[in-house]
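Asker: Listed below are the residues making up each chain.
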Amino acid sequence: MDEAESGAGCLVTVRDLVFRRGDRKIFDGVNLDFPRGKITAIMGPSGTGKTTLLRLIGGQLRPDSGEILVDGQNVHALGNRDLYGLRKRMGMLFQSGALLTDLNVFENVAFPMREHTRLPESMIRILVLMKLQAVGLRGARNLMPAELSGGMARRVALARAIALDPMMIMYDEPFSGQDPISMGVLVKLIHELNDSLGLTSIVVSHDVHETNTIADKIYILSEGKVVGEGTPGSLTRSTSERVQQFMTGAPDGPEHFHYEAPDYSEDLLI
Amino acid sequence: MQHSKMVTTLVGFFVSLGIGGLFFLAMQVSNLGSFDNTEGYILKARFENIGGLKSRSPVTLSGVRIGRISAILYDTEAYQAVVEMRISSDYEHTLPEDTSASIYTSGLLGEQYIGLEPGGSDAFLKDGDEIEFTQSALVLEEIIGKFLFSKADEVKPE
Amino acid sequence: MFQRLGEATLNSFEKLGRGSCFLWFTLGGIFDVAARPGLLIAQIYSVGVLTVMLITVSGMFVGMVLGLQGYTILSDFGAEETLGVMVAASLVRELGPVVSALLFAGRAGSALTAEIGLMKATEQLSGMEMMAVDPVKRIVAPRFFAGVVSMPLLAAIFSTVGILGGHLVGVGMLGVDDGAFWSQMQATLDYRDDILNGVVKSLVFGFVISWIAVFEGYDSLPTSEGVSRATTRTVVHSAFAVLVLDFLLTALMFGDF
Numbered sequence: 000m001d002e003a004e005s006g007a008g009c010l011v012t013v014r015d016l017v018f019r020r021g022d023r024k025i026f027d028g029v030n031l032d033f034p035r036g037k038i039t040a041i042m043g044p045s046g047t048g049k050t051t052l053l054r055l056i057g058g059q060l061r062p063d064s065g066e067i068l069v070d071g072q073n074v075h076a077l078g079n080r081d082l083y084g085l086r087k088r089m090g091m092l093f094q095s096g097a098l099l100t101d102l103n104v105f106e107n108v109a110f111p112m113r114e115h116t117r118l119p120e121s122m123i124r125i126l127v128l129m130k131l132q133a134v135g136l137r138g139a140r141n142l143m144p145a146e147l148s149g150g151m152a153r154r155v156a157l158a159r160a161i162a163l164d165p166m167m168i169m170y171d172e173p174f175s176g177q178d179p180i181s182m183g184v185l186v187k188l189i190h191e192l193n194d195s196l197g198l199t200s201i202v203v204s205h206d207v208h209e210t211n212t213i214a215d216k217i218y219i220l221s222e223g224k225v226v227g228e229g230t231p232g233s234l235t236r237s238t239s240e241r242v243q244q245f246m247t248g249a250p251d252g253p254e255h256f257h258y259e260a261p262d263y264s265e266d267l268l269i
Numbered sequence: 000m001q002h003s004k005m006v007t008t009l010v011g012f013f014v015s016l017g018i019g020g021l022f023f024l025a026m027q028v029s030n031l032g033s034f035d036n037t038e039g040y041i042l043k044a045r046f047e048n049i050g051g052l053k054s055r056s057p058v059t060l061s062g063v064r065i066g067r068i069s070a071i072l073y074d075t076e077a078y079q080a081v082v083e084m085r086i087s088s089d090y091e092h093t094l095p096e097d098t099s100a101s102i103y104t105s106g107l108l109g110e111q112y113i114g115l116e117p118g119g120s121d122a123f124l125k126d127g128d129e130i131e132f133t134q135s136a137l138v139l140e141e142i143i144g145k146f147l148f149s150k151a152d153e154v155k156p157e
Numbered sequence: 000m001f002q003r004l005g006e007a008t009l010n011s012f013e014k015l016g017r018g019s020c021f022l023w024f025t026l027g028g029i030f031d032v033a034a035r036p037g038l039l040i041a042q043i044y045s046v047g048v049l050t051v052m053l054i055t056v057s058g059m060f061v062g063m064v065l066g067l068q069g070y071t072i073l074s075d076f077g078a079e080e081t082l083g084v085m086v087a088a089s090l091v092r093e094l095g096p097v098v099s100a101l102l103f104a105g106r107a108g109s110a111l112t113a114e115i116g117l118m119k120a121t122e123q124l125s126g127m128e129m130m131a132v133d134p135v136k137r138i139v140a141p142r143f144f145a146g147v148v149s150m151p152l153l154a155a156i157f158s159t160v161g162i163l164g165g166h167l168v169g170v171g172m173l174g175v176d177d178g179a180f181w182s183q184m185q186a187t188l189d190y191r192d193d194i195l196n197g198v199v200k201s202l203v204f205g206f207v208i209s210w211i212a213v214f215e216g217y218d219s220l221p222t223s224e225g226v227s228r229a230t231t232r233t234v235v236h237s238a239f240a241v242l243v244l245d246f247l248l249t250a251l252m253f254g255d256f
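Protein sequence lines, in the order shown, are assigned to chains C, F and R. Quick note on numbering: numbering that gives the first Met the number 0 labels position 128 of the first sequence as 127, and the sequence is numbered without any gaps. Quick note on numbering: numbering that gives the first Met the number 0 labels position 13 of the second sequence as 12, and the sequence is numbered without any gaps. Quick note on numbering: numbering that gives the first Met the number 0 labels position 197 of the third sequence as 196, and the sequence is numbered without any gaps.
Quick caveat, the hints were computed from the structure, so don't treat them as lab data. A couple of the hints might just be wrong.
Said to hold, decoys possible - Okay, the calculated beta carbon distance ranges per label pair:
no.	chain 1	residue 1	chain 2	residue 2	range
1	C	Ala249	R	Phe239	51 to 59 Å
2	F	Tyr103	R	Leu247	33 to 41 Å
3	C	Ser148	R	Phe239	38 to 46 Å
4	C	Gly28	R	Ser19	32 to 40 Å
5	R	Leu26	F	Gly127	46 to 54 Å
6	R	Phe246	F	Arg55	23 to 31 Å
7	C	Ala76	R	Trp23	21 to 29 Å
Unchecked claim - List of simulated lysine to aspartate or glutamate pairs, EDC-like, C-alpha gap at most 20 Å:
no.	chain 1	residue 1	chain 2	residue 2
8	F	Lys53	R	Asp189
9	R	Lys136	C	Asp81
10	R	Lys136	C	Asp101
11	F	Lys53	R	Asp192
12	C	Lys87	R	Glu122
The structure presented is a predicted model; accordingly, all values stated were derived computationally and were not measured. Where a beta carbon is used, it is the ideal one built from N, C-alpha and C, also for glycine.
Can you make the complete structure from the sequences, with help from the hints?
Answerer: Dropping the structure here:
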């Protein structure tokens, strides 16, 4: 780990994170650093708690031990008011988009502004149109969320996430279930927004190819631990079996093809 | 904006409909509209037995309701029930001093009420006055009892 | 067997505790609702206004049935004039608050649960939290208070329409004297004992139904099955609560003990 990444250069740091769900340890002593102004990706097989990690950073879940610092503040030591203050500076893009279904596209993007600011209507209109222009959906402002395709819904959600000009955005599986074109659009958007707005981005994904093209740094999680970290280039050359299995998509390896079960022949004979 | 204005209007309509309903219930259905609790003047009357008379029972004059009972007390020295009734001020200075009060039952099983009968005096009852001539409630058991005893007396000599 | 019974008991206590905490936070949202009456008005529309039609038609028919049934019984005793009393007393004291509460639970309560449950299932509530908007204050509280406000109004509409329905059948069709119908009613029903107690009842019902509805929605499992179960629970629990509370309130208010 080089000097710049461990200290003040990091917007989010995760230290010795332990999180249990029932008896299962989702995270078991995880350490992560998210450098400012960069795109950091968290990858790993489904069910390794990637989304849970984002909820932990956002303060929606509480870790069993360990701490998470966002911009120097310990998220889980904050009072409700401070936590809400911090969240205003975080954007999160949910897998489903999580658009408010009773409001149209324009109102969805305007929602955080109306809730947190007292801007005049004319100003809100200008800001919303700017955000929509950035994701290329200025023309769709009067549509209802039900009329949008999955990719469009995610772009609207992205416009909403940047509505208050946050310092960071967390993307939850931005590429899953998208056709190649909208995938390309999202890749481009994440990259552009990160560079033009000076954001810090955290991308959770299991799409190896797309993630490789945009991430500055990648962590690979498996069974509650970090099994690999580095730049996309260094990871593809990694000698670790787990990392290789994930990066190449091999069906069997350290991550077993079979769910844990008694011996096959014994199971059949009984 | 157009849409929300219609919503607001409909909500306003709904609220006024509901409050209108409450008003209807209060004024038209219940006794609130017909008689105010604080208006009028108080008269008292003493009875040996008030039967099933209750607070808020009606007070009538020739069958017209002119007030209702405001309180029922018990005088421990005279061993009598004291009934306070509030009479509408429309009937102030119209009830002669020798008015009599009786307790009646509306119908065979109905509720009990006080019926007033005006006398012939020239002086009128004032606020706080007491009606002297009273007739207690007829208690059904007593009447039946009396009837049976008198029948028994008739039978005995034979 | 006993262990399972004990577990179920503990679970229901736990749920009641969670529900009470939730109610506390919802009540705390009253300041946010007061600051933004627009949200409350929009919810009174979907909870109250959209239920008016159902309440009106049901109230009409309940009143008409009361008029018809009451007439056949009362005419046996030659007491048709007291039809107004019978119709009004049963509507104002019992049927108005109770039947409208049951209809309210079926129409508005279930809709509230389904709406909040679906918002949870589609991560809208979670998304709101991440936008630093408290969903309890922004989504739950306006719906809850809209329910509390709407219920007494709906019950009043129900009773009013019901009495008019009874009048239509009794006076209009069966020939009861119009004056006797109203005057007997006015002489017997008391403003405080009957009307106000009816309003108190419907307020309590509105409070409990709205509480159950928003809590079940917020507490539902975020799946389609979870939401459908929560909706069913809202209707069943609300109906049950209304009937039990009705007995308790009646004993408290009309009982002489």
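Asker: It remains to establish, for every hint, whether it holds in the given structure.
Answerer: Hint by hint, here is what the structure shows:
no., hint, result
1, C:Ala249 to R:Phe239: 51 to 59 Å, "holds (56 Å)"
2, F:Tyr103 to R:Leu247: 33 to 41 Å, "holds (37 Å)"
3, C:Ser148 to R:Phe239: 38 to 46 Å, "holds (44 Å)"
4, C:Gly28 to R:Ser19: 32 to 40 Å, "holds (37 Å)"
5, R:Leu26 to F:Gly127: 46 to 54 Å, "holds (49 Å)"
6, R:Phe246 to F:Arg55: 23 to 31 Å, "holds (25 Å)"
7, C:Ala76 to R:Trp23: 21 to 29 Å, "holds (24 Å)"
8, F:Lys53 to R:Asp189, "holds (13 Å)"
9, R:Lys136 to C:Asp81, "holds (17 Å)"
10, R:Lys136 to C:Asp101, "holds (17 Å)"
11, F:Lys53 to R:Asp192, "holds (14 Å)"
12, C:Lys87 to R:Glu122, "holds (18 Å)"
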